[in-house]
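Asks: Sequences listed follow chains U and X, in order.
Residue numbering for the first sequence follows the working numbering, beginning at 229 and increasing consecutively.
Residue numbering for the second sequence follows the working numbering, beginning at 1436 and increasing consecutively.
Keep in mind that the hints were calculated from the coordinates and are not lab data.
Take these hints with a grain of salt, some might be off.
As the list claims (entries may be wrong) - In silico DSBU-like links for lysine-lysine, alpha-carbon gap of 30 Å or less:
id: 1; chain 1: U; residue 1: LYS669; chain 2: U; residue 2: LYS653
id: 2; chain 1: U; residue 1: LYS236; chain 2: U; residue 2: LYS302
id: 3; chain 1: X; residue 1: LYS1736; chain 2: X; residue 2: LYS1860
id: 4; chain 1: U; residue 1: LYS277; chain 2: U; residue 2: LYS307
id: 5; chain 1: U; residue 1: LYS236; chain 2: U; residue 2: LYS330
id: 6; chain 1: U; residue 1: LYS572; chain 2: U; residue 2: LYS611
id: 7; chain 1: U; residue 1: LYS364; chain 2: U; residue 2: LYS330
id: 8; chain 1: X; residue 1: LYS1736; chain 2: X; residue 2: LYS1849
id: 9; chain 1: U; residue 1: LYS332; chain 2: U; residue 2: LYS410
id: 10; chain 1: U; residue 1: LYS327; chain 2: U; residue 2: LYS236
id: 11; chain 1: X; residue 1: LYS1860; chain 2: U; residue 2: LYS484
id: 12; chain 1: U; residue 1: LYS512; chain 2: X; residue 2: LYS1555
id: 13; chain 1: X; residue 1: LYS1736; chain 2: X; residue 2: LYS1586
id: 14; chain 1: X; residue 1: LYS1818; chain 2: X; residue 2: LYS1791
id: 15; chain 1: U; residue 1: LYS594; chain 2: U; residue 2: LYS669
id: 16; chain 1: X; residue 1: LYS1863; chain 2: X; residue 2: LYS1694
id: 17; chain 1: U; residue 1: LYS484; chain 2: X; residue 2: LYS1555
id: 18; chain 1: U; residue 1: LYS434; chain 2: X; residue 2: LYS1555
id: 19; chain 1: X; residue 1: LYS1521; chain 2: U; residue 2: LYS434
id: 20; chain 1: X; residue 1: LYS1586; chain 2: U; residue 2: LYS484
id: 21; chain 1: U; residue 1: LYS332; chain 2: U; residue 2: LYS408
id: 22; chain 1: U; residue 1: LYS484; chain 2: X; residue 2: LYS1849
id: 23; chain 1: X; residue 1: LYS1736; chain 2: U; residue 2: LYS484
id: 24; chain 1: X; residue 1: LYS1863; chain 2: U; residue 2: LYS484
id: 25; chain 1: U; residue 1: LYS512; chain 2: U; residue 2: LYS522
id: 26; chain 1: U; residue 1: LYS522; chain 2: U; residue 2: LYS601
id: 27; chain 1: U; residue 1: LYS236; chain 2: U; residue 2: LYS277
id: 28; chain 1: U; residue 1: LYS327; chain 2: U; residue 2: LYS364
id: 29; chain 1: X; residue 1: LYS1586; chain 2: U; residue 2: LYS434
id: 30; chain 1: U; residue 1: LYS594; chain 2: U; residue 2: LYS434
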Amino acid sequence: MAELRITKLPNIYNREIAYITLYEESDIRQLALYDALILDYTDATGCLKLLRLCRSSFIGSIYLIPIFIYSIEKNIDPKVESMSDGIISSLQVEGIITKIDKLKSRQANLTTVDSDTPDIRIMTKIMRYLYTREIKLQPIVDPHSSLGYSYPILSEHYNNGNISDMFRLTDDLINREFFKPKFVDRLHLCSNCYSSFINYRETCPKCGSGDLVTENLIHHFVCAYVGPEHDFHSGDYLVCPKCNRMLRHIGVDYDKPSLVYTCRNCLNTFQEPNMEAFCFSCQKHNPVETLIDKQIYSFELTPIGEETALHGFGKEIKEELDLPGFITFTTFNIFLKYEIERAKNNNRLSSAGSLILSLADADRHKLGVGYSKLVTEIADFMKNATTSTDILSFINNNTFLIISPDSEPARLHNVLENIRQSLLKLLLSSLPNIHINLIIKAIPISGYKSHNEIIGELIML
Amino acid sequence: MFTFWDNFFYSIEHEGLIRIINLFWYYFYIEAPRFVILDVIILGIILFQSRRNKLNFKRARYELLAENPLVSIIVPGRNEGQHIFKLVNGLREQTYTNLEFIIVDDASDDDTYLICRDLKENGLIHVYLRNDIRGGKASAANLGLRYAHGKFVIHVDADTSFDRNAIENILVPFYMEDNVGGVGGNVKVRNIHESIATSLQAIEYLQTISVGRVVTSYLGIYRIISGAFGAFRRDVLLRLGGWDVGPGLDGDLTIKMRKLDFKIRFAANAVSLTNVPSSFSALSRQRMRWSKSLIRFRLRKHHDIYLPQANFSFINFFALWENIFYNLILDFFWWIYAINLLVTNFDFLLFLIPLKFIIYGIGSTFQFTLAMMLSERRSQEWKLFMYIPLMMIYNGYYMRTVRTIAYLREILFKSSYRDAWNPQKSSKKAMEIGI
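This is chain X alone, in the form it adopts within the complex:
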């Protein structure tokens, strides 16, 4: 063992730093500038502007509370009865209280009906709508929207829970700037310690949501208001006709809003917790679905964003192009890079893997530190630090593989239209007209 590390450091010294950077150019020239350096710069700017932001937030919050608009909370779901009571009780703890609870039951075959009926009879929810025939999540959300009365609509998943000020905080951005169409909430992992899979996802959520979306929101390229916790102006939603057939309907809706030139913002201080898949097989299925939607919506359905036309918007072009470039193009490119790395540096292979661990470990630690600086519950989250070494495998190999398979399936076979997540009757019609 001693000999290995002796040789390892000897090789590094002998080969030189330049060769190492050239070997890992993919990370140093592509990933690190985007996901580490840019994050540091933007967060630095935000920190610099924090006093002004705080004042603006305070003023906007005052305006919100003075107006006290009705806010409709829409909870579409199927067989979510077990979560509804906790959800409603949790929402009753909110600091913002002018809320209208709308539960839409998409043909559940468990006790959801009995639970919701009981909650309604006891005045805990305002509207309970049930479809006897399953229509899919989008249709359930649209039904809720049809009977919502609030100035704002907040879409939540039934298994989401919220910090006491989450609803208030997600509404404030509407009063901080003009023309904000939607605000995404900060979604964190509740079942952090359930399994290695959930712990790794917790780190991923901290990096890509809690930090990543602060950066994209600041740059104006924030693309997905998460379905688990997102707020919208009801008039804008009605103008758009609500949600379209999924999967990936939350991202699709956000793009539609962007196309209408509405601003999309992220509220890092509107914190919600959700359960994530606890096994890698369930996680793979979920990510397959999410990744397919990148091809289906951002590449196919909204391809007009990339074309020079009357409504062309550079910021929208950039927002989607950045997403396509880093997630799709570079994903395929990485496989070429990795194979090339293996073939051309076979003599160096023994040292490549530990070296990669170290480089990615340093990068992940840096990102994690940024997330901890922003986190409001760092005392619970810092323990995730011990999983940082695994993030290279999780992000670098596991997620990349899942994504690549999903992209290929969608590009070659349009397999998202056969996903059981959505009823076949809707998927079939959506495929016929190519949306």
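Chain U with its partners taken away, still in its complex shape:
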């Protein structure tokens, strides 16, 4: 693996400031050692890539690290600008030291919290980022996003087409009064995939074709003939096909009372075409009335939000998806810790397992809002296929966890394999065009591994 080309910038303030000029595949954990980063914008793509890597991390010392962009150009990618802490045109650190210190001091106020679910982790992370920067979460126009807008940092976690999840999260933040929204724009999104990359087009009400021609109707006053404009064309002149008189003067000889559409596919004539919204992202033809009306807001952290950013969510947090028979991830962790203790003390062997739903981005796209339904169906199936002593939980929108007390890993693996086979058969018949992969794992709960290590092992693909 190649390394980042990092140069430490010497300074009298005794700060570890890294100047990065070459971006290759690398382990970003080393960056946590620095007080601030300065990224050279000469390689704009590499710069953005590293910036995204840093900001999408869940490690506080990485995603909160002050990052500045060094560029002598004026034209900086708005995305880069929005995720950085400033653009600098010289490598003199004096200009950024105050900001670095301020960010560090605010960062120091943050207490360590246990993040429970992915949603909570993302919420905490975003709020902490906003708190340390004292900024609003401002959407930026982003032609590369299917939404047309992206939120700095937040969108990094929802770039696989699951925009509905992002809206659910921001709605949640508003409902909890952590965020104060301010209207920015109103979007009409595809009902299937939440994309705003939509082509509005007029179609024939009879055959649905978009191959339409429009023409003015002409009313010739003298003889009362009314017909489309081409009826009157005679070379460069307009001549009435009924009375052969030349039409000289609009308003005196003739007028144009309305417009007609003719479908070139089925020759249907009409005046009111259907409006259709074609989604370029998932290729669905949406009737316009089924489009999802969503408002884009900028978000400001409320005092409650700041408090939560500082000290975490507390215990009243609800899970992202309420699945009957499934316990919250927090509770699951408690059970897991309890099982580890039991294993240590009684030398009893219990097992933990996972079932991970893996979908290609395109398929996830195709399913759109039907994804939640799929998850619920899998959960139902798991609940019925396991025993009442098994403890079930669900995280990350795609991972089901199970603790099977007093049971060997082989037995749990067999149970999970049976579930997997049955589910695949079922899903193949109900969703024939979607390629669904289900990954299972079963491991022993021994007294030698911490609960975090076990969870890490279970969710690692």
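Since chain U is already given, all that's left is putting chain X on it; use the hints.
Replies: Here is chain X on its own, set in the frame of chain U:
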């Protein structure tokens, strides 16, 4: 009172029948032969030929149903939204079903647009065309014709309703004879009992349409296919360029067809109902408009029919001349006759009016009886009999006065070109070129 009638019958006996006939020569020599005796003779002939006619009708109906051509129903109108739903629903009840509904909205400013859009979305009408700028009835009908696909086109008014077999029956005459260009439907009054005005019009429609047009159709001098319910061959309409600027466009179209030597027929069994004006003021305005069109179209625009020229047709000449003679010339002549009657028979005046009531009453009763013999809904219509005595005033004085005023206005001032029924932009251009 007793003395009056005693004197009345004494005078009749004393003066003699000959003087009475001489006094009322206008009726006995002009009106009765045309509107009573001729009707009886023609209806007698038709009755005599009824077996042959029935067989011919049956054969033609079979041909129509075997071919099952597409028929376009054109409904041009302005602010007619309230009637459209009923009309379309009614037409869906027809025994003939291969229909294409075309609604043309001439810049309505009521809910017509919303109603028609809803009907179209629900598949109840096939074509809905709307002009944002008002163009008049003729232009709306022509727009419908432009986008019609049927072999036949039926023009209806939005407030017309139909017997279940009306569409079938109006189409059959096209298959009974060759070269039929248009067929008029039998238009009757729906709001018969709304007012005296509507009841009198109901009798008038029975006499002039249900009976009168059977006779004129048989004689080949049928002149007006009513705009409320008329069927046409689409190819013929296209050849003619459809309707010209009105008012009176339905009569004008019929004459244009006649000029091309197409036969025009009346289908008495194709019955439709329409609402007529319920007040005499509204009725007067309507009849003024109709009467003006006699001068504008039959006298001015189609004056060539009366002239000896290459395309001269005796039957067309006769059809229009009969109309002009009885409706226009005799109308003016009647005023001379009436004044003369008053001046020369002033001593007899006291008895003239009741005598006229009796004579006209007998004539009207006779005409009404003929209409009832032909009617398919006589159980509802016979009650109109009680209004027969008023028909003398209605036809003899009221209608005659309205007509005379209309003729004078049109002859002297061409007032039809200022009629608000048609947009001024069209009327102005029509006047410029004299059509």
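Asks: Please go over all the hints and tell whether each is borne out by the structure.
Replies: Against the structure, the hints come out as follows:
1. With a CA separation close to 19 Å, the supplied pair U/LYS669 and U/LYS653 stays within the 30 Å bound.
2. Between U/LYS236 and U/LYS302, the direct Cα distance comes to roughly 25 Å. Compliance with the 30 Å bound is thereby established for this hinted pair.
3. For the suggested pair X/LYS1736 and X/LYS1860, the alpha carbons sit about 19 Å apart, so the restraint of at most 30 Å is met.
4. For the hint linking U/LYS277 to U/LYS307, the alpha-carbon distance of about 11 Å falls within 30 Å, and the restraint holds.
5. For the hint linking U/LYS236 to U/LYS330, the alpha-carbon distance of about 21 Å falls within 30 Å, and the restraint holds.
6. Taking the CA atoms of U/LYS572 and U/LYS611, the gap is near 28 Å; set against the 30 Å cutoff, the hint holds.
7. Simply put, U/LYS364 and U/LYS330 have alpha-carbon atoms about 17 Å apart, close enough for the 30 Å limit, and the pair holds.
8. Straight-line distance between C-alpha atoms of X/LYS1736 and X/LYS1849 comes to about 13 Å, which keeps the hinted pair within the 30 Å bound.
9. Taking the CA atoms of U/LYS332 and U/LYS410, the gap is about 28 Å. The hint holds against a cut of 30 Å.
10. Taking the CA atoms of U/LYS327 and U/LYS236, the gap is about 18 Å. The hint holds against a cut of 30 Å.
11. Distance check on the hinted pair: X/LYS1860 and U/LYS484 sit about 13 Å apart at the alpha-carbon level, within 30 Å; holds.
12. Annotation: proposed proximity of U/LYS512 to X/LYS1555 holds, straight-line Cα distance about 26 Å (limit 30 Å).
13. Only pairs whose Cα atoms come within 30 Å are accepted, and X/LYS1736 paired with X/LYS1586 is accepted, the gap being roughly 29 Å.
14. Among the hinted pairs, X/LYS1818 with X/LYS1791 is consistent with the structure: their alpha-carbon atoms are about 23 Å apart, no more than 30 Å.
15. The straight-line distance between the Cα atoms of U/LYS594 and U/LYS669 is roughly 27 Å, inside the 30 Å bound, and the hint therefore holds.
16. The straight-line distance between the Cα atoms of X/LYS1863 and X/LYS1694 is roughly 26 Å, inside the 30 Å bound, and the hint therefore holds.
17. With a C-alpha separation of about 24 Å, the suggested pairing of U/LYS484 with X/LYS1555 holds against the 30 Å cut-off.
18. For the suggested pair U/LYS434 and X/LYS1555, the alpha carbons sit about 11 Å apart, so the restraint of at most 30 Å is met.
19. Distance check on the hinted pair: X/LYS1521 and U/LYS434 sit about 24 Å apart at the alpha-carbon level, within 30 Å; holds.
20. Between X/LYS1586 and U/LYS484, the direct Cα distance comes to roughly 28 Å. Compliance with the 30 Å bound is thereby established for this hinted pair.
21. Between U/LYS332 and U/LYS408 the alpha-carbon distance is near 25 Å, which keeps this suggested pair within the 30 Å criterion.
22. At most 30 Å may separate the alpha-carbon atoms for a hinted pair to count; U/LYS484 and X/LYS1849 meet this at roughly 28 Å.
23. Taking the CA atoms of X/LYS1736 and U/LYS484, the gap is near 27 Å; set against the 30 Å cutoff, the hint holds.
24. Taking the CA atoms of X/LYS1863 and U/LYS484, the gap is near 18 Å; set against the 30 Å cutoff, the hint holds.
25. The straight-line distance between the Cα atoms of U/LYS512 and U/LYS522 is roughly 18 Å, inside the 30 Å bound, and the hint therefore holds.
26. Using a Cα cut-off of 30 Å, the hinted pair U/LYS522 and U/LYS601 holds, with the two alpha carbons roughly 21 Å apart.
27. A distance of roughly 21 Å separates the Cα atoms of U/LYS236 and U/LYS277; the hinted pair therefore holds under the 30 Å criterion.
28. Taking the CA atoms of U/LYS327 and U/LYS364, the gap is near 17 Å; set against the 30 Å cutoff, the hint holds.
29. A C-alpha spacing of about 22 Å is found between X/LYS1586 and U/LYS434, which places the hinted pair at or below 30 Å, so the restraint holds.
30. About 27 Å separates the Cα atoms of U/LYS594 and U/LYS434, which keeps this hinted pair within 30 Å; it holds.
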